[in-house]
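Asks: Top to bottom, those sequences are chains S and W. Quick note on numbering: my numbering labels position 83 of the first sequence as 83, and the sequence is numbered without any gaps. Quick note on numbering: my numbering labels position 110 of the second sequence as 110, and the sequence is numbered without any gaps.
These aren't lab readings, by the way, just hints derived from the structure by calculation. For every residue, glycine included, the Cβ atom is placed at its ideal position computed from N, Cα and C. Mixed in with the good hints, there may be bad ones.
[Stated by the list, open to error] Lysine-lysine pairs mimicking DSS-like chemistry, simulated, CA-CA at most 30 Å apart:
hint: 1; chain 1: S; residue 1: 217; chain 2: S; residue 2: 234
hint: 2; chain 1: W; residue 1: 18; chain 2: S; residue 2: 59
hint: 3; chain 1: S; residue 1: 263; chain 2: S; residue 2: 234
hint: 4; chain 1: S; residue 1: 138; chain 2: S; residue 2: 217
hint: 5; chain 1: S; residue 1: 217; chain 2: S; residue 2: 254
hint: 6; chain 1: S; residue 1: 81; chain 2: W; residue 2: 115
hint: 7; chain 1: S; residue 1: 217; chain 2: S; residue 2: 263
hint: 8; chain 1: W; residue 1: 18; chain 2: S; residue 2: 40
hint: 9; chain 1: S; residue 1: 217; chain 2: W; residue 2: 18
[Claimed, not checked] Chain W regions said to be covered by chain S (calculated; three or more residues, Cβ under 8 Å):
hint: 10; stretch: 12 to 23
hint: 11; stretch: 31 to 44
hint: 12; stretch: 48 to 61
hint: 13; stretch: 64 to 71
hint: 14; stretch: 128 to 141
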Amino acid sequence: MLSEFNYHRPESLDDAIELINTTVDGLFLAGGQTILPLMKHNLATPTDIIDLASIEELKGISVNDESITIGAMTSHTTVAKSQIVRDNFLSLAELAGAIGDPHIRNKGTIGGSIAYNDPAADYPAALLGLGATVFTNKREISADDFFVDIFETALEEGELIIRIDFPFVDCTAYEKFANPASLFALVGVMVSRNDSIVRVAVTGAGPSVFRINQIEKALEASFTAASLDEVPIKHADLNTDLHASAEYRAHLIKVLAARAVRKAANQLDQKAPHL
Amino acid sequence: MTTVSMTVNGKVVTHEVKNHTLLIDFIRETLDLTGTHVGCDTSQCGTCTIHVNNMSVKACTMLALQAEGAEILTIEGVANANVLHPMQQAFAQNHGLQCGFCTPGMIMTALALIKDNPNPTEEEVRLELDGNLCRCTGYQNIVTAILEGARAMRAQ
Ligand code: FES
Ligand code: FES
């Protein structure tokens with residue numbers, strides 16, 4: 001049973017911010033696919049729920065010369081099916097299309113997912129692996145600074161995610177090994193390459209999404225799966241739970257990174273048939 | 001308490017609800033539409049699947065107030081008076097249920113899939129069932145029923 005709360009459904013961003021600042025313990029509601037289960041267990045007991053569903057500024061997907069922009073309230077299904085996303089970031093569309101199950105994807109949003117920063121969520125890997133930027137009502141925050149620790153982000157009180165910008169890259173791929181029961185990532189690896197810069201972000205394996213410097217360096221030297229063979233993956237800080245040991249997760253990181261690199265390198269070949 | 005209005009199976013309904021009322025409780029308790037089931041209440045089993053604005057959602061993981069102004073379809077709105085929908089017939093004919101507890105959610109999921117993809121492959125059907133659990137059938141006949149139901153719907 002959920003505890004009682006006041007319910008608001010503001011129509012503008014300004015109203016939403018004003019509301020959150022005047023409530024005792026207000027909470028923004030995006031798709032509710034995380035927060036409602038938490039509220040059922042009384043792990044969250046807000047005095048006020050501020051439903052963001054009617055705010056137009058938080059919706060939609062657009063593209064310009066440098067990046068694509070996804071509104072915070074865009075559902076996983078919308079991202080997965082968006083032609084703009086599919087044309088420019090197939091890895092992101094595929095990632096969104098494999099979150100949870102179809103019903104959850106219809107309600108869950110990108111803003112909600114990253115604001116929560118579940119250690120096994122997929123979107124944090126997308127933002128970090130693609131070098132995205134989060135725009136809030138107060139500032140812009142690079143993905144490198146946004147994800148702080150387990151269930152913790154750089155967001156302050158009264159700060160609301162408006163949109164996320166993904167700058168174009170030369171190639172990218174995401175590979176995950178999903179826990180078959182929870183459908184969360186046991187490990188997920190997002191790889192991207194842009195000119196000489198390679199980013200590799202890992203979710204599911206640690207307390208929060210992280211980049212692996214040694215893999216990035218190896219791939220910057222040679223963007224091939226084979227170049228990962230000799231890279232040691234330390235498992236001391238990785239998660240051990242009933243689903244997998246830290247050693248197994250370390251192993252998965254390498255296997256999945258190699259798969260993602262093969263997939264991404266393939267796109268490069270297709271983009272430049274003359275090479 | 002807040003007043004909420006929505007269209008359920010083609011009928012406009014308006015009720016006062018407590019703010020923390022879940023959509024599933026509104027449908028089952030307030031509207032007395034008990035065809036939509038609750039198997040887990042934790043977003044896992046999919047027996048509570050309904051359509052909100054033409055999309056499948058888990059009614060246990062949504063507030064009634066989030067459905068303000070929405071078009072809702074539940075299993076009770078699927079048949080045409082006493083004539084079963086082709087998808088319901090396909091479940092009956094292909095032994096797509098044993099105890100039947102999961103069936104309303106399975107059928108609502110199947111109908112959501114077919115709206116987007118009228119001719120799904122077996123693999124696509126299995127993927128779409130990621131969020132629906134059945135403790136009886138072993139899924140085989142559910143998949144067969146959905147493929148058969150899709151065929152019958154295309155033939156209509
Ligand atoms: S009752 Fe909603 S998913 Fe099980
Ligand atoms: S038929 Fe019994 S749970 Fe599916």
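Asks: Does residue 18/W pair with residue 59/S here, judged by a C-alpha cut-off of 30 Å?
Replies: Satisfied, since the Cα-Cα distance of roughly 28 Å is no more than 30 Å.
Asks: Do three or more residues from the stretch 64 to 71 of chain W put their C-beta atoms closer than 8 Å to C-beta atoms of chain S?
Replies: Check passed, 3 qualifying residues.
Asks: Please verify whether residue 263/S and residue 234/S have alpha carbons no more than 30 Å apart.
Replies: Measuring from Cα to Cα gives roughly 24 Å; hence the hint holds.
Asks: Please verify the coverage claim for the stretch 31 to 44 of chain W: does it have three or more residues whose C-beta sits within 8 Å of some C-beta in chain S?
Replies: holds (count 3)
Asks: Between the alpha carbons of residue 217/S and residue 254/S, is the straight-line distance 30 Å or under?
Replies: holds, 14 Å
Asks: Within a Cα-Cα threshold of 30 Å, do residue 217/S and residue 263/S meet the stated pairing?
Replies: Roughly 19 Å separates the two Cα atoms, so the pair holds.
Asks: Taking only the CA atoms, is the gap from residue 217/S to residue 18/W under or equal to 30 Å?
Replies: Given pair residue 217/S, residue 18/W is violated - Cα atoms ~56 Å apart, limit 30 Å.
Asks: Counting residues of the stretch 128 to 141 of chain W that have a beta-carbon nearer than 8 Å to any beta-carbon of chain S, does the count reach 3?
Replies: Coverage by chain S holds for the stretch 128 to 141 of chain W (4 residues, Cβ < 8 Å).
Asks: Examine the stretch 12 to 23 of chain W for residues whose CB is less than 8 Å from any CB of chain S, and state whether their number is three or more.
Replies: holds (count 4)
Asks: Could you grab the alpha-carbon distance between residue 138/S and residue 217/S and see if it respects the 30 Å cut-off?
Replies: violated, 34 Å
Asks: With a cut-off of 30 Å on the C-alpha distance, tell me whether residue 217/S and residue 234/S pass.
Replies: holds, 15 Å
Asks: Assess, step by step, whether the Cα of residue 81/S is no farther than 30 Å from the Cα of residue 115/W, and give holds or violated.
Replies: holds, 14 Å
The structure fails to meet hints 4 and 9 from the earlier list, while all remaining hints are met.
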